[in-house]
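K.L.:
Produce the complete structure using the sequences and hints provided.
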Amino acid sequence: MAAESSTKLSSLGSILSTATAGASGPNPTIEPYTTDLNGVDQLGNRRYRNALFWFLGILGICVLLIRILEISRAWIRHKVAMGKPEARQVFWRDNQSAWWPWIKRNITYAPLGNKRHNREMRLSSAVSVGTLPSRFHMVLLTVYFISNFAYCAALNYKVENRWAVAAQLRGRSGVLALSNMVPLVIFAGRNNPLIPMLKISFDTYNLLHRWIGRMVVLESIIHMLAWLITQVASDGWSSVGRKISTDPFILWGTIGTASMIIILLSSPSPIRHAFYETFLNVHIILAFASILAVCVHCKLGHLYELLPYAIGVFVIWFCDRIFRVVRMVYYNYSPRGNTYATVEALPGDACRVTLHLPTRVNVAPGSHAYLRFLAIKPWESHPFSIAWTNHTSIDDILPTTEKALDCPIPKSSRTSVSFLISAHTGMTRSLYTRALAAPSRRLRTPAAFEGPYAGHHSLASYGHCVLIAGSSGITHQISHVHQLLSEYPLGTIATRRITLIWIVRDLEHLEWVRPWMDEMLRMPMRRELLVIKLFVTRPRSAAEVTSPSQTVQMFPGRPNIRVLLLNEVVDQVGAMCVTVCGPGGLADNVREVVREVQGCGVIDFVEEAFTW
1 MAAESSTKLS
11 SLGSILSTAT
21 AGASGPNPTI
31 EPYTTDLNGV
41 DQLGNRRYRN
51 ALFWFLGILG
61 ICVLLIRILE
71 ISRAWIRHKV
81 AMGKPEARQV
91 FWRDNQSAWW
101 PWIKRNITYA
111 PLGNKRHNRE
121 MRLSSAVSVG
131 TLPSRFHMVL
141 LTVYFISNFA
151 YCAALNYKVE
161 NRWAVAAQLR
171 GRSGVLALSN
181 MVPLVIFAGR
191 NNPLIPMLKI
201 SFDTYNLLHR
211 WIGRMVVLES
221 IIHMLAWLIT
231 QVASDGWSSV
241 GRKISTDPFI
251 LWGTIGTASM
261 IIILLSSPSP
271 IRHAFYETFL
281 NVHIILAFAS
291 ILAVCVHCKL
301 GHLYELLPYA
311 IGVFVIWFCD
321 RIFRVVRMVY
331 YNYSPRGNTY
341 ATVEALPGDA
351 CRVTLHLPTR
361 VNVAPGSHAY
371 LRFLAIKPWE
381 SHPFSIAWTN
391 HTSIDDILPT
401 TEKALDCPIP
411 KSSRTSVSFL
421 ISAHTGMTRS
431 LYTRALAAPS
441 RRLRTPAAFE
451 GPYAGHHSLA
461 SYGHCVLIAG
471 SSGITHQISH
481 VHQLLSEYPL
491 GTIATRRITL
501 IWIVRDLEHL
511 EWVRPWMDEM
521 LRMPMRRELL
531 VIKLFVTRPR
541 SAAEVTSPSQ
551 TVQMFPGRPN
561 IRVLLLNEVV
571 DQVGAMCVTV
581 CGPGGLADNV
591 REVVREVQGC
601 GVIDFVEEAF
611 TW
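Going left to right, the sequence shown walks through residues 1 to 612 as this note's numbering numbers them.
Each hint should be verified, as a subset may be incorrect.
As the list claims (entries may be wrong) - Derived lysine-lysine pairs resembling DSSO-like cross-links, with alpha carbons at most 27 Å apart:
{"no.": "1", "residue 1": "Lys104", "residue 2": "Lys115"}
{"no.": "2", "residue 1": "Lys84", "residue 2": "Lys533"}
{"no.": "3", "residue 1": "Lys115", "residue 2": "Lys199"}
{"no.": "4", "residue 1": "Lys79", "residue 2": "Lys199"}
{"no.": "5", "residue 1": "Lys79", "residue 2": "Lys104"}
{"no.": "6", "residue 1": "Lys243", "residue 2": "Lys299"}
{"no.": "7", "residue 1": "Lys533", "residue 2": "Lys115"}
{"no.": "8", "residue 1": "Lys199", "residue 2": "Lys104"}
Stated by the list, open to error - Here are the computed distance ranges between Cβ atoms for each label pair:
{"no.": "9", "residue 1": "Ile58", "residue 2": "Pro268", "range": "28 to 34 Å"}
{"no.": "10", "residue 1": "Phe136", "residue 2": "Gln42", "range": "32 to 38 Å"}
{"no.": "11", "residue 1": "Arg522", "residue 2": "Pro347", "range": "21 to 27 Å"}
{"no.": "12", "residue 1": "Arg441", "residue 2": "Arg88", "range": "46 to 52 Å"}
{"no.": "13", "residue 1": "Leu566", "residue 2": "Pro347", "range": "29 to 35 Å"}
{"no.": "14", "residue 1": "Ile71", "residue 2": "Arg46", "range": "32 to 38 Å"}
{"no.": "15", "residue 1": "Ile71", "residue 2": "Ile244", "range": "48 to 54 Å"}
{"no.": "16", "residue 1": "Gln553", "residue 2": "Asp94", "range": "28 to 34 Å"}
{"no.": "17", "residue 1": "Leu112", "residue 2": "Arg540", "range": "38 to 44 Å"}
{"no.": "18", "residue 1": "Lys79", "residue 2": "Trp100", "range": "19 to 25 Å"}
{"no.": "19", "residue 1": "Ile71", "residue 2": "Asp320", "range": "24 to 30 Å"}
{"no.": "20", "residue 1": "Leu43", "residue 2": "His424", "range": "52 to 58 Å"}
{"no.": "21", "residue 1": "Asn560", "residue 2": "Pro446", "range": "44 to 50 Å"}
{"no.": "22", "residue 1": "Arg527", "residue 2": "Lys79", "range": "23 to 29 Å"}
These aren't lab readings, by the way, just hints derived from the structure by calculation.
Glycine included, C-beta positions come from ideal geometry on N, C-alpha and C.
P.N.:
Take a look at the structure:
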C-alpha cells in the first residue's frame, strides 16, 4: 500500500510540475526536447530525405527518357522528310499507334477540367487569382504534396514521452523543408540546366517553383510550431521571446521562417500582379535572407549533416545571379561600344524596341530575353519575346579614318534584336510615354540585354505548321515563320505549309510588325509556303478590312478557331504542329480543338504562356 501511494504521489507530482512549468523554471521532462537533436529521429530523417530526392530523380529521368524519344523521332523525321514533297510525308502524318494520341489527349495536353487552363480566373475585371494547372501538373503536384505529408507523419508514436514525438516532427519537417529548397532554387533559376536538358519551358518550372515554395514554407512553419509548442509547455510563453533574443540558433531560425512567411503572404496572384516590381525586389531580398538564415541556423546548431545542403542551396542561388551578370556584361559591353535601344512609339499603346548589341548573339526562334533600360528604372528587368534579329558584319562597316584603313578588321558581327512591348503599367508605360514625347516618336536610350532564353521548340521537322497569335503574341510566332521561310529555299526543313493566324483588335495594330512582315513577304518562294490570315475584331467598318491577296487574307470579327483548325487538319501535310501565343482564353480554345483531333494524325501542340 505504501508503495502504491508513493507511485500515485509521484505521478501527481509529475502532472503538477508540467502544469506549473514556467512559474518554477523549465520542465525537466519536456525541456530536453526543445533543443539540439534530443528526440530527433536522425535515421528516419535520412530515409525520407533520400526518398524525396529519389522521387524527384526518378521523375526527372522519366521525363528525360520521354524527351529523348521525342527528340530522336523529330530528328529522324527532319532528316528523312527534309526537302521532300507532300506525297513523301504521308508516313509522318499518320499515327503509328493509338496509345500516344490517347496520352496527349487525356494527360499531357489535358486541362484540369474540361477546358480551362491558361484563362485567368478573376474575382473582378481588375483582380486575377491566377490560372489552373494542367491535369498532368496536378497529378505531379498531388503526389508530391501527399508524399511530403506522409514523410512528415511517419513518426514513432510509441515513445514513452509524447514530447519526443514533437521533437521528431521538428526534425523531420526541418530536414524536408531544407531538402525541398534544393529543387526550389534550381527551378527558379533562369540558367536552370534542366531547361535545355528536358526541353521544358520556364513557365512550367515557375509553376513548380511556386508550389514547392509553398511546401517549403508550410514545412518551415511546422518546424517552428513543433519547437514553439514544446518550449511553451516546458517554460511558458514568456520564455519564447527570451529564447529568441538570447539564443542565436533560435533567432536565425525565426528569421528564416519569418522571411518565408512574408514571401508566401506577398505571392498570391492578385498581389503579385498588382505590385509586381515591388514583389520582385522584396522576393529577392527575402529569398537571400531566408537562405542565409538557414545556413547560419544549421552552422550554429552543429547540424553538419545538413549544412552542405544549405550551402548548396546558397551556391545554386548565387551562381544563377552571377551567370546573369556575366551574360549581361558579355553581350552588352565591348571595346566596340555598348548596347543601346531604339524605341518607336506605335499606335495601340505599343513600342517597337530594337537593341543594338556590340557583339554577335545567336538567337533561336521562340526565344525571349530580359531587358533593362538604364535611363528608365534601371533596377528592373522584364522578359519579352524576341521577334526579329539581324546580324551586321563588321566587314561591311566602312572605316571612318585613314588610320583605320591600316588596322586589321576582325571577322565578326554585331546583332540587332527587336521586340514588341505593350504599354501596361510601370516600366513599360514609362518607356512608351518617353518614346511618345521624343522627336518623331523615336527614342534612343542605353539598355542591357540578358538572354536569350528558351527557344527549344524547333518546327523544322513538321510538314505542316499552324501558328496562332493574339495581339502582341505575334512576336513569338513571327520568329518561327522567319526561320522557316529562310531555310525553305535551301531544302533544309520538312515544312511544306505554314498558316499564320493573327488576331488583333484594331487595324492600326498591323503597324506593329509592318517592317518585319514586309521583309517576309519579299522572301523568295514565300507564296509556295505561307498563308497569312488576319482577324480584326473591332474594325471601324467591315469595308476597311480587305484581303490584299490569296496568301494574305483579312477578316473582320473574331475567328472560329475550331473551323480554322479542322480545315487545316483536312489538308494536313506530314506531321503537324499547332502553336499558340496570346491571351489565356485563346490558348484554351486552341488546346481544346487540338485534343479533339488527336486521332486524325500526328498533331503536336506547343503553347507559349507567360503566367509569371
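K.L.:
Hint compliance check: list the failing hint numbers for this structure, sorted ascending.
P.N.:
Of the numbered hints given earlier, the structure breaks none, since each of them holds.
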